[in-house]
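**Q** Chains A and B, in that order, give the protein sequences.
Using our numbering, read the first sequence as starting at 20 and increasing by one per residue.
Using our numbering, read the second sequence as starting at 63 and increasing by one per residue.
In case anyone wonders, no lab produced these hints; they're calculated from the structure.
Treat each hint with caution, since some may be false.
To be verified - Derived lysine to aspartate or glutamate pairs resembling EDC-like cross-links, with alpha carbons at most 20 Å apart:
#, chain 1, residue 1, chain 2, residue 2
1, B, Lys121, B, Asp144
2, B, Lys121, B, Glu103
3, B, Lys413, A, Glu282
4, B, Lys388, B, Glu504
5, A, Lys31, A, Glu282
6, B, Lys388, A, Glu282
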Amino acid sequence: MRDFWRRYRRNKGAVVGLVVLVVVIIMAATAPWLFPGSPWDMASAPFLPPGEMDMLLGTDSLGRDVAAGIAHGARVSLLVGAISTVVALSIGVTLGAIAGYLGGWVDDVVMRFTEFFQTIPSFVLAILLVAIFTPTIRSVVGAIAVVSWPPVARVVRAEFLSLRGREFVQAAEVLGKSRLSIVLGDILPNALSPIIVLASLMVASAILLESALSFLGLGDPNLMTWGFLIGSGRSVIRLAWWMSVFPGVAIFLTVLSLNLVGEGLSDALNPRLARTR
Amino acid sequence: MSLLRIEGLTVALPPGADRPHAVEDISLHVDPGEILCVVGESGSGKSITANAVMGLLPKGLPVRAGAMELLGQDLCALGPEDMRRLRGDRMAMIFQEPMTALNPLMRVGDQIAEAMRVHGRQPGGRVMELLEAVRLPDPAAIAHSHPFRLSGGQRQRVLIAMALALEPALLIADEPTTALDVTTQMSILRLIRDIQQRRGTGVLFITHDFGVVAEIADRVAVMRHGRIVEQGVAADVLNRPQHAYTRALIAAVPRGARTQAVAQTGAEMLRVTGLRKTYTRGGWFGGRVSVPAVQDANFTLARGETLGVVGESGSGKSTLARCIVKLVVPEAGEIRFDGADLRPLSRAAWKPYRSRVQMIFQDPYASLNPRRLVGDAIAEGPITHGVPRAEAMERARELLALVQLEPSAMDRYPHEFSGGQRQRIGIARALAMRPELLIADEPVSALDVSVQAQVLALLADIKARFGLTMLFITHDLRVAAQICDRVAVMQRGVIVETGPTAQVFAQPAHAYTRALLDSIPGQGWTPPV
């Protein structure tokens, strides 16, 4: 574990990313104390520029505090990112493991099914699913998970295919272990590192997808999100730039930090592949 | 004057390695027309020596002290550009792995021509000449082929042709035959010897195999832990080794003669009849390619007996072993174990037999789950078969002692062990099931000779102690001769000859068996200890 941290630390960008990510998480966790009350409530006069009348990041067209919106939006963004990634991982890992371990016609069937999802543009499919199931936090999470599992399935399948032929897996077969315990006990632990790296990047893309859906007005109408903030500021961008810029910066920093963390994890988990710095 | 002279060469290892220097205070010389063999086990620094001469050391391994001279020119003083000009021209190298040392996208002839062009010579008709000189059949066709169309031996010949393109004064061969089959190895050794004699090239030949040394060396340098422990004329070192380490190494060379009495054999345990396995790929689009890996294999194995299956790579011997434990599903034939046919059994019906038939694998680095503690790895088989955990762990501890490992090994991960130790763990894992039949798939071919001897002795010991029956797969006839009661010789999926070991070795009936036996390197040499 100490070794892992030492290798992670060698990637300076990843350390910065981790710090930013921790700050965002703390902000999300402490939002109810930092900005008590609902972020939807009017806090001051409308269209206040940043810094005026104690409004750190200004107010929007209805006098709502932009800073409060960002802090509360972080909760939704991170939650959506995390949950949809967990759901997508469970679908992708299961299908990829089945395809890679069993091979043969099962592999063919599962992979054609996966390709079927990959041929549909993922954002269009997500919009469609949210529109059909009415925009709620559940349907948004579900839609994001449904469009983001195929890459997981492909990565897991490739790992399983190569690990299945390794001698320690064959040794486990010869010992008479059941298929399930070989998959869970021998193959999956050795396939974890690419899955972890992929997961960190998936959280980032899930946050982007959720923001894009909210921007189009397809987010949960009861929840304050970063995408909604940008969407509502879009029409008045020349009058009140801060309404769209600050939530945009929040998305940018969070997604960037997740990508940096992903890269750092990749370096730390595959030390031999790490670029020489 | 010596062609190559190395004086007091010391190459540092990065901090945190198991020793401060990769090689330390090495002094040796190669004269024109001479083959100097550098022998040593893995990690002894022999390849580092070769790479230091070629100026191919990685960044983390700086030369700390010493001098290297090629034809009177100081190599340490040369800049990278001068070194580049020297490489390929005055000194050339042949690598161990012919499969990866050629550019897969470039025709063989073009690659040889390129070796000349980078030094500003026009190849002209030289490419054909060279391909002919390394005795490749139909040089014109070979020159136009891509590397994937050639066999391992042919590729190694192409690499030798490339190395010889500019008539270098010094040829460095880094384990050039280790990745090749015995018969191919012999022809490559003869080729190197022949070329060296005809052209008066000096050869620095790196190997771990004393058979190869006996076959080819004029002089020998024995390396251990980065130092040369003994150096001298081949006949002296081979027959009158001075240093204890050299003596130990030579004693560990498999002698091709049985070290134990023939086992008492009992009733028939395994009978394989008409076993067939064909690998097919392709289909859908493009033609279907089918490769018969095992064709109509028949053999029997009596209780308490060791049957060796010998053959070159691709002969189907590993597939045969894997068919018996259902890692590979054969399409026809019968595998009768204690009277019951195992072939049609389902996964569940096979399970009771799993504890009776066990397997040891070839690669000690790949055959243990890197994320499982050694104790758990040994105990998991019995636990799967219903042995209580505490009892299985106790059994694992006993087995570790039996394979001569510390009890503390229980709570460590495989990467903390050497290759030989890992192979012992693999053996303990198989023994934990208390098997009757043990299938060993090349269990010692990835190990150094001295470790190989220890593991073979361990296998012989446990076999006697538990009354095991063994199916021993190997490509090394010397190992087979040492451990097997009977041998079956496989060639391209067919068992061409079966018989008692002594008889097959003394009077081989099949032409292929004879060819195999003639290819054992160093037959003219009888180890003195």
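**Q** Work down the list of hints and note, for each, if the structure agrees.
**A** Hints versus structure:
no.: 1; hint: Lys121/B with Asp144/B; result: holds (18 Å)
no.: 2; hint: Lys121/B with Glu103/B; result: violated (24 Å)
no.: 3; hint: Lys413/B with Glu282/A; result: violated (43 Å)
no.: 4; hint: Lys388/B with Glu504/B; result: holds (18 Å)
no.: 5; hint: Lys31/A with Glu282/A; result: holds (11 Å)
no.: 6; hint: Lys388/B with Glu282/A; result: violated (41 Å)
When each numbered hint is compared with the structure, violations occur for hints 2, 3 and 6.
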